[in-house]
Amino acid sequence: MEILLSKIGEIVEGKLSGGHNKIICGAAPFDMATQDDITFADSSKFLKKIDKTDAGAVIVPKDFAESSKTTVMVENPRVAFSKVLTLFYPHEKPVYLNSSAGISSNAYTGKNFLYGKDISIAPFVVIQNNVTIGDRVVIHPNTVIGDNVVIGDDVEIYPNVTILERCRIGNRVIIHAGTVIGSDGFGFAPDGESYFKIPQTGIVQIDDDVEIGANNTIDRATFGKTRICRGVKVDNLVHIAHNVTVGEDSIIVAQVGISGSVTIGRHAVLAGQAGIAGHITLGDNVTIGPQAGVAASVQSDQVMSGTPEMPHKLWLRVQRLIYRLPELKKKLSEIEKRLNRIEQDTLIL
Amino acid sequence: MEILLSKIGEIVEGKLSGGHNKIICGAAPFDMATQDDITFADSSKFLKKIDKTDAGAVIVPKDFAESSKTTVMVENPRVAFSKVLTLFYPHEKPVYLNSSAGISSNAYTGKNFLYGKDISIAPFVVIQNNVTIGDRVVIHPNTVIGDNVVIGDDVEIYPNVTILERCRIGNRVIIHAGTVIGSDGFGFAPDGESYFKIPQTGIVQIDDDVEIGANNTIDRATFGKTRICRGVKVDNLVHIAHNVTVGEDSIIVAQVGISGSVTIGRHAVLAGQAGIAGHITLGDNVTIGPQAGVAASVQSDQVMSGTPEMPHKLWLRVQRLIYRLPELKKKLSEIEKRLNRIEQDTLIL
Amino acid sequence: MEILLSKIGEIVEGKLSGGHNKIICGAAPFDMATQDDITFADSSKFLKKIDKTDAGAVIVPKDFAESSKTTVMVENPRVAFSKVLTLFYPHEKPVYLNSSAGISSNAYTGKNFLYGKDISIAPFVVIQNNVTIGDRVVIHPNTVIGDNVVIGDDVEIYPNVTILERCRIGNRVIIHAGTVIGSDGFGFAPDGESYFKIPQTGIVQIDDDVEIGANNTIDRATFGKTRICRGVKVDNLVHIAHNVTVGEDSIIVAQVGISGSVTIGRHAVLAGQAGIAGHITLGDNVTIGPQAGVAASVQSDQVMSGTPEMPHKLWLRVQRLIYRLPELKKKLSEIEKRLNRIEQDTLIL
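Protein chains in written order, with our numbering: chain F, 1 to 349; chain C, 1001 to 1349; chain V, 2001 to 2349.
Since the hints were derived computationally from the structure, they do not count as laboratory data.
This structure is a prediction, so every number in the text was calculated from the model and none was measured.
Cβ atoms here follow ideal geometry from the backbone N, Cα and C, with glycine treated the same way.
A few of these clues could be false.
Below, simulated BS3-like cross-link-like pairs (lysine-lysine); rule was C-alpha separation at most 30 Å, straight line [to be verified]: (1) V:K2062 <-> F:K337; (2) F:K331 <-> V:K2313; (3) C:K1330 <-> F:K337; (4) V:K2049 <-> C:K1330; (5) F:K330 <-> V:K2337; (6) C:K1111 <-> C:K1049; (7) V:K2331 <-> C:K1313; (8) C:K1045 <-> C:K1007; (9) C:K1337 <-> F:K331; (10) V:K2337 <-> C:K1337; (11) V:K2329 <-> F:K313; (12) C:K1337 <-> V:K2329; (13) V:K2313 <-> C:K1329; (14) V:K2062 <-> C:K1313; (15) V:K2049 <-> V:K2062; (16) V:K2045 <-> C:K1225; (17) C:K1007 <-> F:K313; (18) F:K329 <-> C:K1337; (19) F:K331 <-> V:K2045; (20) F:K330 <-> C:K1330; (21) V:K2330 <-> C:K1331; (22) C:K1331 <-> F:K337.
Label-pair ranges, simulated between beta-carbon atoms [what the hints assert, rightly or not]: (23) F:N98 <-> C:N1148: 27 to 37 Å; (24) V:H2312 <-> C:N1148: 39 to 49 Å; (25) V:S2194 <-> F:S68: 41 to 51 Å; (26) V:S2194 <-> F:P90: 41 to 51 Å.
Using the sequences and the accompanying hints, generate a full structural model.
Shown next, in the form of structure tokens:
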């Protein structure tokens, strides 16, 4: 693919330092780009050595001074570069043989299936009864959509996903392969030594612009809804239990586990393998460190790490001391010996 | 749905304080119930404020004194309420077009498929050869049942589940979406720097009344069986390795990992993200805390937390001191200074 | 099945102590073997009590002295026993009705599907466009192979697996059920408080002789490739992020999480539930303990444990002291009291 640099400038709303007629054939990282590629630099680390990249053009922050390179100055180089990547690596709609009106003849569709325009339903997809999906929805092979599910526009659902009955998916949502949405919450009433299953009557609601990674599990609410709010991004192998709310624009990294009835504010970040205990609240802009075990609610704007959780700055000091425990123990023994000697001396005195 | 309160009383084997002819239209939690709903209260927290719920009737413990509310007195209010929920939210058997005798024409069934009455086999289910399933078994779409698998009565298997050859599933078992049962145990013989695969010849056996969550992995035994005993409840994203035995009525919370050849007694509880090292034994009624790393066997009736595991009460004290390590370190330095001064003084003396 | 012991000797390249005409009907562990079985003993624990097994023959190290048992002396008893297991438990190719040339009539195959001889494509497998697979490849039911995927010879892919576009799989690779290969790397550019998706343009490449467990997620690279090198063995529920390289003959145990752009050397071992932070390097022969949280690069041949990681020997001492923190705290208080007394005394003096 060949694109004029001036065209790229338009798309990313950038200002060119020159080279309007330069032809760009690809987009690549700083160290891998060749002279036909465009790249980007947004940190001083890369901006300082901008002349070292072989790229034919570099997307830079708008306040970046002159360089010998052809530059495209933008508000947010990383976002601009992502937009350019989308140009060179367009996300193609899958093509299946024997499809009609976008529905593979190998798919199963139940009664009252309502769908918008330009959809793609792959082979061996199961659409149960009374399902509604919007325009340009792509459902990849072997995915199952349960009864009464509603899905918005421009949604992409990868293979082998399961979305169970009555769950609701917004617009521009991406769900990666193998994920389960709407499995029963883990709720049982002790009955002697055994457990009696508590019916899970609620749903999962996923709002607009959410991306859910691969092989996640998001349980339906016991009552009401488990809710993943607008703009949330979830990595792989994450567990989100019944009645959890994850606030807008939050990030949940791989293998995090969130227990039942947790409420997470907006723009939070939960690092990999963290665990959140049930029925607590994490405020807005909270950051939780990797592998942290959070047992109590966290106020907005706090950064917490460790198990049990503590302010990240304290954790940094604590973890240095954990290494040094044998040394502290030794020091304690020495002190005791010195004390013994002094006490003896004092007695002698 | 409308149900007479007296009918509900019968079903939960409860005693009414009145209102036999009251019509109940739903079941809801204490704070969400309206006057057409029934709710429950089983802790003093809710019983104290029983007059605050809008519910038309409240299920209470049988020794609960009079209140202005219409009450249904029962042995176990939570179990009774779960039973009422089942009335109002009946678990409906899925309906597929083009099914015959409960088997979708879009399913694949191999040779010698033996099945009981009132079954439901969904589209794109694969039943390999020599499979036997009991009465009222529901297999949701895109699930795969391997050769020679035996499944009991009243079993429900959600979409995209894989049950591999020769595994055995008891009665009234529920298996949630995406779970894999009977994958190979992780066994390799070192052969120089490489590894030679040890064939995994055993099976997985899941006994009656077990519920297995979504996207779990339960490996087959190297020899013999990996066994999940009666009444066990497993949450999501749990890993159970080859040759593990989980005793009756045990609870395994999300993202727990159990290594090979572990034996867990009956009525144990493993909290979320805990890890159990291989070849150890956890006794009956053992409780393991969240994120605990259990490296050694645990006697019956113990509560253990932390990594490495320690008695929970000790862990509570230890974790408070982990926060305070910088303070302890500072104290140690002060003590040293004081000692230095004293020793100097003593010398002067 | 009946096999002459002399034949077994040939297959495992072993030397018999006698019993060339003995008929062996099975292979079983030391404690479970009957007189028709062969077993193995490779540690002094079992060799010392070799006369206690009921097995008709025992595979032993080649330097093992005489015993009353019939023995087969080999270089590596465990590998030899694994080979014998393969004889008695041959891995059978699945048999589906209505297959033609090894492709089930219930499978979907896209355009330009190139395949070798003796393949097995199960019902409801989806092979998208321009896929190439080698000889003797077995693809189990409901697995999805994306556009332009290339798969080598003698590969087995279990049910409900997803391999996404352009990924490359070598020879003799085994992929267990529910695993996702080639999901998007977790990459987003902050755009105000929201996040803009960074297109993930790379692939996953899995080299020869790799085994990948069940319900894993291996993300494609942002650019270039995520690579699992020859001989790597991965357990279940493991997350491997974009642009990770795992070196040859490494072992990754269940529920490990490896963050983006990590490089792992050859012959490493990562124990269960360990987490590896992004952009670091683990050298050759590195061992990481269970649940460890590795935040910095690790030199070759190191054994590291704990969170944050530290040399394993230090960790052994540290963890003993973690238990003893309350005791150390108490000691500190006692020391302070003694100091107070001494200082008072000294003042009096």
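So, going through the hints one by one against the coordinates:
{"no.": "1", "hint": "V:K2062 <-> F:K337", "result": "violated, 56 Å"}
{"no.": "2", "hint": "F:K331 <-> V:K2313", "result": "holds, 20 Å"}
{"no.": "3", "hint": "C:K1330 <-> F:K337", "result": "holds, 20 Å"}
{"no.": "4", "hint": "V:K2049 <-> C:K1330", "result": "violated, 56 Å"}
{"no.": "5", "hint": "F:K330 <-> V:K2337", "result": "holds, 20 Å"}
{"no.": "6", "hint": "C:K1111 <-> C:K1049", "result": "violated, 61 Å"}
{"no.": "7", "hint": "V:K2331 <-> C:K1313", "result": "holds, 19 Å"}
{"no.": "8", "hint": "C:K1045 <-> C:K1007", "result": "holds, 28 Å"}
{"no.": "9", "hint": "C:K1337 <-> F:K331", "result": "holds, 13 Å"}
{"no.": "10", "hint": "V:K2337 <-> C:K1337", "result": "holds, 15 Å"}
{"no.": "11", "hint": "V:K2329 <-> F:K313", "result": "holds, 22 Å"}
{"no.": "12", "hint": "C:K1337 <-> V:K2329", "result": "holds, 18 Å"}
{"no.": "13", "hint": "V:K2313 <-> C:K1329", "result": "holds, 22 Å"}
{"no.": "14", "hint": "V:K2062 <-> C:K1313", "result": "violated, 52 Å"}
{"no.": "15", "hint": "V:K2049 <-> V:K2062", "result": "holds, 17 Å"}
{"no.": "16", "hint": "V:K2045 <-> C:K1225", "result": "holds, 24 Å"}
{"no.": "17", "hint": "C:K1007 <-> F:K313", "result": "violated, 60 Å"}
{"no.": "18", "hint": "F:K329 <-> C:K1337", "result": "holds, 17 Å"}
{"no.": "19", "hint": "F:K331 <-> V:K2045", "result": "violated, 42 Å"}
{"no.": "20", "hint": "F:K330 <-> C:K1330", "result": "holds, 15 Å"}
{"no.": "21", "hint": "V:K2330 <-> C:K1331", "result": "holds, 12 Å"}
{"no.": "22", "hint": "C:K1331 <-> F:K337", "result": "holds, 17 Å"}
{"no.": "23", "hint": "F:N98 <-> C:N1148: 27 to 37 Å", "result": "holds, 34 Å"}
{"no.": "24", "hint": "V:H2312 <-> C:N1148: 39 to 49 Å", "result": "holds, 44 Å"}
{"no.": "25", "hint": "V:S2194 <-> F:S68: 41 to 51 Å", "result": "violated, 35 Å"}
{"no.": "26", "hint": "V:S2194 <-> F:P90: 41 to 51 Å", "result": "violated, 22 Å"}
Hint check: violations occur at hints 1, 4, 6, 14, 17, 19, 25 and 26; the rest are consistent with the structure.
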